[in-house]
Amino acid sequence: MNLSRPTNLGCFTASSSASLFPGLDVGTKTKTGALRFEETKERIKKLFKNVELSISAYDTAWVAMVPSPNSLNKPLFPECINWVLDHQNPDGSWGILHDHQLVMKATLLSTLACVLTLKRWDIGDDHMSKALSFIKSNIASATDENQRSPVGFDIIFPGMIEYAKDLNLNLPLASMNVDALVQKKELELRSCCSNSEGGKAYLAYVSEGIGKLQDWEMVMRYQRKNGSLFSSPSTTAVAFMHRNDDGCFNYLRSVLQKFHSSVPAIYPLDIYARLHMVDSLQKLGIDGHFKDEIRSVLDETYSCWMQGEENIFLDASTCAMAFRMLRVEGYDVSSDQLTQFSEGLFSNCLGGHLKDFSASLELFKASQIIIYPDEFILENINSWTSRFLNHGLSSGSVHSDRTERLVKQEAVNAFEFPYNSTLERLSNKRALESYSGDIVRISKTAYACLNFGHQDFLELAVEDFNTLQGIHRKELKELEKWVIENKLDKLKFARQKLAYCYFSAAATLTSPELCDARLSWAKNGVLTTVVDDFFDVGGSEEELVNLIQLVEKWDASGETGYCSKEVEIIFLALHSTICEIGKKALPWQGRSVMRNVIDIWLALLESMRKEAEWLKNKVVPSLDEYMENGYVSFALGPIVLPTLYFVGPKLPEEIVGNCEYKKLFKLMSTSGRLLNDTRTFDRESSEGKLNALSLYMISAGGKLTKEEATEAMKGDVDRTRRELLRLVLQENSTIPRACKDLFWKMSCVVHLFYRKDDGFTSHELMNSAKALFEQPMVLDELLNK
Numbered sequence: 001m002n003l004s005r006p007t008n009l010g011c012f013t014a015s016s017s018a019s020l021f022p023g024l025d026v027g028t029k030t031k032t033g034a035l036r037f038e039e040t041k042e043r044i045k046k047l048f049k050n051v052e053l054s055i056s057a058y059d060t061a062w063v064a065m066v067p068s069p070n071s072l073n074k075p076l077f078p079e080c081i082n083w084v085l086d087h088q089n090p091d092g093s094w095g096i097l098h099d100h101q102l103v104m105k106a107t108l109l110s111t112l113a114c115v116l117t118l119k120r121w122d123i124g125d126d127h128m129s130k131a132l133s134f135i136k137s138n139i140a141s142a143t144d145e146n147q148r149s150p151v152g153f154d155i156i157f158p159g160m161i162e163y164a165k166d167l168n169l170n171l172p173l174a175s176m177n178v179d180a181l182v183q184k185k186e187l188e189l190r191s192c193c194s195n196s197e198g199g200k201a202y203l204a205y206v207s208e209g210i211g212k213l214q215d216w217e218m219v220m221r222y223q224r225k226n227g228s229l230f231s232s233p234s235t236t237a238v239a240f241m242h243r244n245d246d247g248c249f250n251y252l253r254s255v256l257q258k259f260h261s262s263v264p265a266i267y268p269l270d271i272y273a274r275l276h277m278v279d280s281l282q283k284l285g286i287d288g289h290f291k292d293e294i295r296s297v298l299d300e301t302y303s304c305w306m307q308g309e310e311n312i313f314l315d316a317s318t319c320a321m322a323f324r325m326l327r328v329e330g331y332d333v334s335s336d337q338l339t340q341f342s343e344g345l346f347s348n349c350l351g352g353h354l355k356d357f358s359a360s361l362e363l364f365k366a367s368q369i370i371i372y373p374d375e376f377i378l379e380n381i382n383s384w385t386s387r388f389l390n391h392g393l394s395s396g397s398v399h400s401d402r403t404e405r406l407v408k409q410e411a412v413n414a415f416e417f418p419y420n421s422t423l424e425r426l427s428n429k430r431a432l433e434s435y436s437g438d439i440v441r442i443s444k445t446a447y448a449c450l451n452f453g454h455q456d457f458l459e460l461a462v463e464d465f466n467t468l469q470g471i472h473r474k475e476l477k478e479l480e481k482w483v484i485e486n487k488l489d490k491l492k493f494a495r496q497k498l499a500y501c502y503f504s505a506a507a508t509l510t511s512p513e514l515c516d517a518r519l520s521w522a523k524n525g526v527l528t529t530v531v532d533d534f535f536d537v538g539g540s541e542e543e544l545v546n547l548i549q550l551v552e553k554w555d556a557s558g559e560t561g562y563c564s565k566e567v568e569i570i571f572l573a574l575h576s577t578i579c580e581i582g583k584k585a586l587p588w589q590g591r592s593v594m595r596n597v598i599d600i601w602l603a604l605l606e607s608m609r610k611e612a613e614w615l616k617n618k619v620v621p622s623l624d625e626y627m628e629n630g631y632v633s634f635a636l637g638p639i640v641l642p643t644l645y646f647v648g649p650k651l652p653e654e655i656v657g658n659c660e661y662k663k664l665f666k667l668m669s670t671s672g673r674l675l676n677d678t679r680t681f682d683r684e685s686s687e688g689k690l691n692a693l694s695l696y697m698i699s700a701g702g703k704l705t706k707e708e709a710t711e712a713m714k715g716d717v718d719r720t721r722r723e724l725l726r727l728v729l730q731e732n733s734t735i736p737r738a739c740k741d742l743f744w745k746m747s748c749v750v751h752l753f754y755r756k757d758d759g760f761t762s763h764e765l766m767n768s769a770k771a772l773f774e775q776p777m778v779l780d781e782l783l784n785k
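Residue numbers for the sequence shown follow full-length UniProt numbering, so the first one is 1 and each next one is one higher.
Keep in mind that the hints were calculated from the coordinates and are not lab data. Quick reminder that beta carbons are idealized off the backbone N, C-alpha and C, glycines included. One thing to keep in mind: the hints can contain errors.
Said to hold, decoys possible - Straight-line C-alpha distance at most 25 angstroms; calculated PhoX-like pairs for lysine-lysine: (1) LYS756 - LYS770; (2) LYS119 - LYS212; (3) LYS663 - LYS497; (4) LYS714 - LYS663; (5) LYS474 - LYS487.
Unchecked claim - Just the calculated beta-carbon pair ranges, DEER-fashion: (6) ASP287 - GLU416: 18 to 26 angstroms; (7) ASN348 - LYS165: 56 to 64 angstroms; (8) MET766 - VAL412: 47 to 55 angstroms; (9) LEU783 - GLU416: 38 to 46 angstroms; (10) GLU660 - ARG243: 52 to 60 angstroms; (11) GLU513 - SER191: 55 to 63 angstroms; (12) GLU197 - LYS165: 50 to 58 angstroms; (13) ALA738 - SER576: 44 to 52 angstroms; (14) GLU300 - LEU393: 30 to 38 angstroms; (15) ASN348 - ASN170: 17 to 25 angstroms; (16) GLU300 - ARG405: 41 to 49 angstroms.
Using the sequences provided together with the hints, build the complete structure.
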C-alpha cells in the first residue's frame, strides 16, 4: 500500500520536558541570575497560552484503523498510518520511553495497536517484525502484578490479541501467556458489574477491548457534545467503526485538524491542564509572578463553570479542582455541583468505579472549603473521601512507583495540614521538597502534558524561596536586636517567643515587599506574649493598674511614675514600638493611625485586667460574658489589626470602625479562644482558672463530660471558622481582600499551633521555623533526589 509521507512531527520518547517537547527552549546555564530568572518567567508565561499534549501512538493507531465509509479497504485517515510508520522507537516499540518499567504495559498496548494498524492495511512488514520481537521479549510484563496497569489493560490487551487472530496475524506468544491474559480478561469482566452505572461507563470506556460483543447503544449514551466518547480518540474511533456516527467523525476530524497526522490520548484537556498548572505554581509559592495569567485562567474557568461545561463536570478531578480554586479566589460557585460525587453516587461515574485515588484526593481538598452552614454535600464528600484515602494509605493499595508515592505523600499532607491549618511558606517548602516535575500520566496509555510540571517551575521556585529566606534572616536579626534594645530579654517571667512570633509572620506574609507587615506582626506578637505573662504570673495588681494608666495617658516622660522596673520596660517597649508603627504606616495610609493602635492595645489590657479581677475575686462569669471578653484577651488584636496598614490598600477610619471589620476580628479571635481553651483546660484547671470549656460544662448543668463538651466546642469552632472564611471570600466587601486575608492567615496560624498542644510548646513547629530560616533549597539536590 503506497501512502504519501507528511512531515515528521516527532514522537515524544523520553521523560525530560526538552525531549518530550523538542521545540521547547530550556535556556542556558551561562545566563546571569537576574536575566535567567526573567527568562524562566517568560517561558512559564508562554505555557499559559497553549496546552502542550504529547502524541499517543496507541490512540493514533486506533484512529488509523478506521476505514473509509466509501471503501472498507481504504483508511479514512491515511496520514495517521504515515505517522505510525515514521515514529517507531529504535527498540521496535511505539510510545513514550519514560522510566521503562513504569510504562511497560502501556508500551505493549501502543506497540500492539500499531502492529494491528499496519497489518490491517498490509504495510510496514519490517516495522511489524521489529515490533513483534519487542512484544515477545517483554510479554512477561503483561501479567506482572507489580507493574502499573493502564486503565482497562486486562480487557484491552487480550481483546487486541483476539483481533490479531481475526487479522490472521501470528503473534509470537506462548499459549500459556495468551491463556493467562484471556483468563484475566474474563475475571475482569465478571468482576465488573455491568448493572451499575460506573460499571457501564467503564465497559464503554474500554470498548476497543470488547469489540463486536459490545453494547454500542449503551456506549453511545456517553457521547459528549463534542462528539467524543470520554474525550478519548481511541474509544471514539472504535465507536465510529461500529456506528458510523457523524458526531464521532466530526470529533476525530477536529482533533486531526489540530494535531495534523496524529492524536493525543485525551482531548480536550485544556481546563484541567491549566488548573493543574496554576495549582502547581501556587503550591510552589511562585504564583505571585503570574497574577494576570492566573486571573485569566480562573475567569475562563468560571465562565465554563457557569455554562455547565462538560469537560469540568464530567471529570471528578477537574470539577473538584475548579470548585476549590474558584471559591478560594472569591468566585461565586455552588457546592451543589459536587452532588454527583457524594457517597453512593461517585461510584456511578468512571472515576468512582476505578476507585481513582487522585480524584478522591482532589474531592477531599475541595470538601474543606465549606463557607455555609448547610453545605452538607461537602461534609458528605469529606467524610467518605477521608475514609477512602485513609484506607488506601494504610492498606498500601496505592502503587509504589515514584509518582504514586508523591500522590500518597500529598494525601498525608492534606490530612496533617488541612486548608484551615495551612501556612503558605511551610506548604511551599513541602511542595519544593517533593516536587517531581513529572509530566507523564497513565490512563489507557501513557501520555505527557508539559503544563503538568516543568523544571522551570522548580528553578523559579528555588530562586524565589532562597531570596525570601535571605530577607527572613535579615529581618530576624533586626528583631533580635530590637528585643535587646528594649530590654525584653531582661524580663525573667516572660517566655522568649521571638522565633515563634516571627515564624508565624514569615510563613504567612510571603511577599518580599511586606517587610513592614512582618515586623509589625512579629513585634506585637512578642509584646502580647510579654504582657500576657505579666498579667498571668509576673505582675502584681498595682503593676497591672500602673501599666494601663501609662498607656491611657501615653506618658513616656515618666511623670505618671513606674512602680517597678518591669512596668517601665514593658511600657517603654510598647511606646517605642507603637510610635514606630505609626511612623511607618503614615506613607502607606496617608494619615496617622497611632491613636487607633493605642486603642487596640488598651482594649487588650482592659480585657486582661477583667480576667485578673475574676480570678482574684473568684467570680464565675457566664459563658457569654466570658467569651465577650475572652475573644479580646486572646490577644490577636495588636498582632493582626496594625498589620492591616502595611499590606497595601488604604483603610479609612470609617472602614476600621465598621461592622464587617469588627466581625472579622471577633470571628478570628473567637475560634482562637475556643481552640486555646480546649487545649489548656487541664493546666488551667490545676491552677484554679476558669476557661470556656469549664464554663461550657457549668452552663450545661454538669450534664456534659469533658469529652462531650470538647466535641461541642469543636462544633462551635468549625461554625465560627466557616463564617470567617465566608466573609473573607465574599465579593462586594467594604474591606479589601488583601486585608481580609490577614484574618484568615492568623486563623490558620492558630489552628496549626493548637492542633496538638497549647501552641507554644511544640518542638515540631520550632524545627519547622529553623528549617524555614536556615536551610536553603539546593536545585541540584532537588533534581537528583
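A quick look at each hint next to the structure:
Restraint check: the Cα-Cα separation between LYS756 and LYS770 comes to about 19 angstroms, which is no more than 25 angstroms; the hinted pair holds. Proposed proximity of LYS119 and LYS212 is supported: the alpha carbons are some 19 angstroms apart, at most 25 angstroms. A threshold of 25 angstroms between alpha carbons decides the hint, and for LYS663 with LYS497 the separation of about 28 angstroms lies outside it, so the pair is violated. The straight-line distance between the Cα atoms of LYS714 and LYS663 is roughly 20 angstroms, inside the 25 angstroms bound, and the hint therefore holds.
Distance check on the hinted pair: LYS474 and LYS487 sit about 20 angstroms apart at the alpha-carbon level, within 25 angstroms; holds. One distance hint, 18 to 26 angstroms for the beta-carbon pair ASP287 and GLU416, holds here, with the actual separation near 22 angstroms. Between ASN348 and LYS165 the Cβ separation comes to about 35 angstroms, which falls outside the hinted range of 56 to 64 angstroms. For MET766 paired with VAL412, a C-beta distance near 21 angstroms fails the hint of 47 to 55 angstroms.
Range check, LEU783 to GLU416: about 26 angstroms between beta-carbon atoms, so the 38 to 46 angstroms window is missed. With their beta carbons about 58 angstroms apart, GLU660 and ARG243 fall inside the hinted range of 52 to 60 angstroms. GLU513 and SER191 have their C-beta atoms about 58 angstroms apart, which keeps the hinted 55 to 63 angstroms range intact. A hinted range of 50 to 58 angstroms for the beta carbons of GLU197 and LYS165 is inconsistent with their spacing of about 33 angstroms.
Checking the proposed 44 to 52 angstroms range against ALA738 and SER576 shows it is violated: the Cβ atoms sit about 28 angstroms from each other. As the Cβ distance of GLU300 to LEU393 is approximately 35 angstroms, the hint placing it in 30 to 38 angstroms holds. A beta carbon spacing of about 42 angstroms between ASN348 and ASN170 contradicts the range 17 to 25 angstroms that was offered as a hint. Distance hint check: the CB atoms of GLU300 and ARG405 are about 33 angstroms apart, inconsistent with the given range 41 to 49 angstroms.
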